[in-house]
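One-letter residues, chain by chain:
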Amino acid sequence: MSSQNLFNRVWDLHTVRTLPSGQTQLFIGLHLIHEVTSPQAFQMLRDRGLKVPYPQRTFATVDHIIPTLSQARPFQDDLAEQMMSAIEKNCREFGVTLLNLDDNRQGIVHVVGPEQGLTVPGMTIACGDSHTSTHGAFGSIAFGIGTSQVADVLASQTMALGRPKVRRILVNGKLAKGVYAKDVVLHIIRKLGVNGGVGYAYEYAGDVFSAMTMEERMTVCNMSIEGGARCGYINPDQTTVDYIKGRPFAPKSEEFERAAKWWLSLASGPDATFDDEVSIPAEEIQPTVTWGINPAQSVGVSEAIPAVDSFPAADQAGVREALAFMEFQENQPIQGTKINVAFIGSCTNGRISDLREAAKVAQGHKVASGVRALVVPGSQQVLAQAEKEGLHEIFKAAGFEWRAAGCSMCLAMNPDKLQGREICASSSNRNFKGRQGSPTGRTLLMSPAMVAAAAIKGAVTDIREFA
Amino acid sequence: MPAQIASVTGTGIPLLLDDIDTDRIIPARYLRCVTFEGLGEHAFEDDRKQDPSHPFDNPKFQGASVLVAGRNFGCGSSREHAPQALIRWGIKAIVGESFAEIFFGNCTSNGVPLVTASAADLKQLAAAIEANPKAAVTVDLLQQQVRVGTVTVPCQMQAGAKQALVSGNWDFLGQLVDAAAEVKQTSGNIPYLNGYKV
Ligand code: SF4
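Chains as they are written, first to last, in the working numbering: chain A, 252 to 718; chain B, -11 to 186.
Excised from the complex, chain B in its bound form (with noise of 0.2 Å):
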């Protein structure tokens, strides 16, 4: 079984846009791989050759581990490329106005929590980070909290996903693959799958 995911603690990074699309994360030219390495080095790499001073290259943010981003954030491809940069990067939870649902789904397998908080509540956390990028940030799930220094913000995650880390099930593989005999009494009553005999 993997570890149980209950809470998660490390300096922060803020990047507080919105519809923030998993193209810009890693870029497509990046996905012409047969393995995950290495993509960390390339998370945001357009978006920080036109921004010098994006937060991925900011010396005081180096060695975060918990990303303060905005609404809607990982919308577009399904690419877990995306994610896998982020982790590779050093990311280990996100704490977001909304995400979008294959990049939720994506980073629940790999053991990443995606947590939502209000727009004035991720400012207030990006104040916090800002002022201090040493300080240590907490996800919380059991609380359904964030902290960081003195600033405490309640935050939510779906409650399926928030299960299967904080019991440490997020690894559906092996799970899923249990039900082998249950997998194969659901098809028999599927009519695509005996002739359409209904």
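Chain A on its own, in the form it takes in the complex (with noise of 0.2 Å):
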């Protein structure tokens, strides 16, 4: 039992039955929903005349198509406002909680789970979008699902899947100042691919993770799925139990301290197997951007971006198309590059600590001029603390935009889109063609210090000599 690792054990405690195909049915115990991969799930248990059965282990929220100016309804858009009233109906007639528009627990899914305390170490978390590895950051086994999959677990609480394969991400050592765990995480995906996780869970582990706060834990983990791999987490401990003692979904007083106990014995013991293990030391992590179409193609941001012939041949012809789009040429430093707007939002990093690091950027600084800069808090929670602290006053001093919750221009089903060959700097998680929402906009990944830093300077900066 104590070489078994955190996932398998999961695993075990949730597995109901083998299936006629070998697949395991594995029960859910959170099932997180939002209004784009949801209508036609439900659509599929009214077509079958099923029910949901276990309707309080599902949440829903609305995030992606919400716009972040005016939220006042019905929505401009009319298919927008068509997914809006569809999940109200569809939570209505199935019993399920809908954190809407006007309840201040709503924002992007995988913001509010953590932060109600739905998410906790030892479940299994399903939601029908492929960023629901963040969740694994509580030692939670978290997976991504398509539509198909979000009616299995809506009709029944469990779903087929086959189980994948365990390897360890070691990072030991200190990270260097201005190294945030968006570079942690984007420099694990250069290294092992946008493929590499394929067939595998990520657990993560080592001095750098079990340094993290919560936050930049979830950052880490949101981005497993980058990297391929089916999920992707870190084994809970003192800071995960400390994140969630008070939070309004938590148990509660003796059941918290009998949780906590729990929570703290799944974690994957010394002498743990897995079946496959990378070590990366901790010191060879830059301040890390992107500069082509898939999260794997960046540099540190002091590099030149890698010559053609650098790569394996297969890589080739891929990395030529990306520098075709982007426009770069190889050899070229990445620092410099002209922006044209600024980005800092999304479940990658969108939470409180992270308008913190940018607030600290812009403090006192201008917005460059003819840069369109956005700061779009994760969730209502978020936008809430922030002003608390005064960040909003901040970054409207600085020339940012001030929007409420959402998913806003991480993804293109919202008003906040890219225009025509803009380039942008984003905390978000994808660089893919079109995926900002013009078909031929560019988008540099980075963390949300430098997306700040990008944005008063007008290109990309190195966060340690930003001054």
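Hints may contain errors.
[Said to hold, decoys possible] Here chain A is said to cover these stretches of chain B; the calculated rule only asks that three of the stretch's residues, wherever they fall, bring their Cβ under 8 Å from a Cβ of chain A:
id	segment
1	55 to 68
2	84 to 90
3	99 to 113
[To be verified] Take a look, some chain B residues computed to stay more than 10 Å from chain A by CB distance:
id	residue
4	20
5	41
6	48
7	51
8	76
9	77
10	80
11	118
12	120
13	122
14	124
15	132
16	138
17	142
18	144
19	152
Since the hints were made in silico from the structure, they are not lab data. This one's a predicted model, so the numbers in the text were calculated from it and none came from an experiment. Heads up, the beta-carbon is just placed ideally off N, CA and C, and yes, glycines get one too.
Both chains come to you apart, so use the hints to assemble them.
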């Protein structure tokens, strides 16, 4: 038992049975839904006359399509309004709690779950959204799923899944100044590739993750999916327990004590075994920026974009495609690249600590002329906390727009979009072609502090040299 | 029980690019919908606009049902709108070097087999399809082969998903719902559902 890793412990605990296909029927402890991937799933239930047997295990919120300027209903976009009506009707009809716009708990689904204390260690979590891996920061096993599986979970509280292997990623040592959780995960993806994690769950372990706050751990686990992993997690410890304590849905008093004891007992022990292990020294991680069209195409901010022939032959066509799309040259320094838009937000980096770091950089400066800069809190709770601390005043004084909570410019489903060939310094998680709303728009991923610095300088800037 | 899917036969369409993400397969603006209907015509819309020679616009590949793809196909967003767009365009099976896992699961749940083959074999398949776009391509799950004309290459598929397709058990919903009693029993042993009385 003691040689078990957390992943296998949690998996075994939630195993209902082996299906005829050989896959596992896995119980899902927490199901999170949002307006984009759920309407067709509810329709599937209706078509088959099925109910939701565990409605109290599902929570809904709205995030992807909501405008961050005027949120007056009905929305100007008819299609968005239809989706809002659909989730409202579906939640009413099937008895699911909806944290709607008029509820101060609303926000991006992966910000809301942890914030409300819904996410706890040892849980299985599913959501029709690939960044569900975020919740692994608590030592839960959290899967992104598609709409058919959303229907499976709604109707049975279970899903069919093959057991992935587990890879431990050790990062020992100490991070240098100016290096954030975002840089750690971008660096890991750069090293292991965007499909390096296929077939695996990632366990992040070592000094660096132990020293991280819960919000930093969420940033790392959030991007596990960008490395191709099915999910990513960090073993629960006292930091985890302290974060959960007192949150609205967290267990209380004696039950909390019992819970904390169990949570801590789940962690992979010193003799736990793994299917694979990778070790990366903390010292080699720099503030990192992407230059291409997938999150592995990145460099340290002081480096140049690598030469095409420095990549394995199989990758070179992709590298050429990326350089052509971005209109960048090999060997060109990434620092100094002019930007048009700066976006601080998303489920990767839209939490209060992210806004604090960005505000520290913005304080007393002005956004460069010609740069459109947005700060979008990840939830209404984050927004309220930021306003309590006066961060919004700092941002506004510096020339950033202060918006309402939502996914905003992380993807192109609401009015916040890039135009034409604009280049955006973004704290989000995907630099795919067209991701930010203009089919030809370009995205440079980086930490929120680096986005703020880029906004002020009007160009990609090394946060270590920013003054 | 849904159909048993042991093989798929139809004409082919090659798209040998790596890391094709689901944002490219179906741009996010088309996710503003409450059904999957009509997504087919928007498959790869932005890529097609930027590349006039995109295979999805090429008349010789119209009506194709077997897509020959590259490495890490379907990465990124979990949107089932991506396989739904491809299915509605006409795709019934995909051969690639590797697939992102959520995409893989989404396709299996919709009865679309995704099989893997080596990069060299994929090139051979793509060349054979280019040379004769009218030729029937067969993805044979039992023989673990993809065949087109005189070209036959080996392919693999994850055992569980393959078993689900060939035995006609790929629509999981019914099976999962049937185990309601076992589900209840399992949930009874989960600490966070019983007040952490471990
Ligand atoms: S912030 Fe971006 S990545 Fe996160 S849930 Fe919203 S759209 Fe998805």
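Structure-based check of each hint:
no. : hint      : in the structure
1   : 55 to 68  : holds (count 8)
2   : 84 to 90  : holds (count 5)
3   : 99 to 113 : violated (count 1)
4   : 20        : 4 Å, violated
5   : 41        : 14 Å, holds
6   : 48        : 23 Å, holds
7   : 51        : 26 Å, holds
8   : 76        : 13 Å, holds
9   : 77        : 17 Å, holds
10  : 80        : 17 Å, holds
11  : 118       : 17 Å, holds
12  : 120       : 24 Å, holds
13  : 122       : 28 Å, holds
14  : 124       : 28 Å, holds
15  : 132       : 17 Å, holds
16  : 138       : 27 Å, holds
17  : 142       : 19 Å, holds
18  : 144       : 13 Å, holds
19  : 152       : 4 Å, violated
Hints 3, 4, 19 from the list above are not met by this structure, while the remaining hints are.
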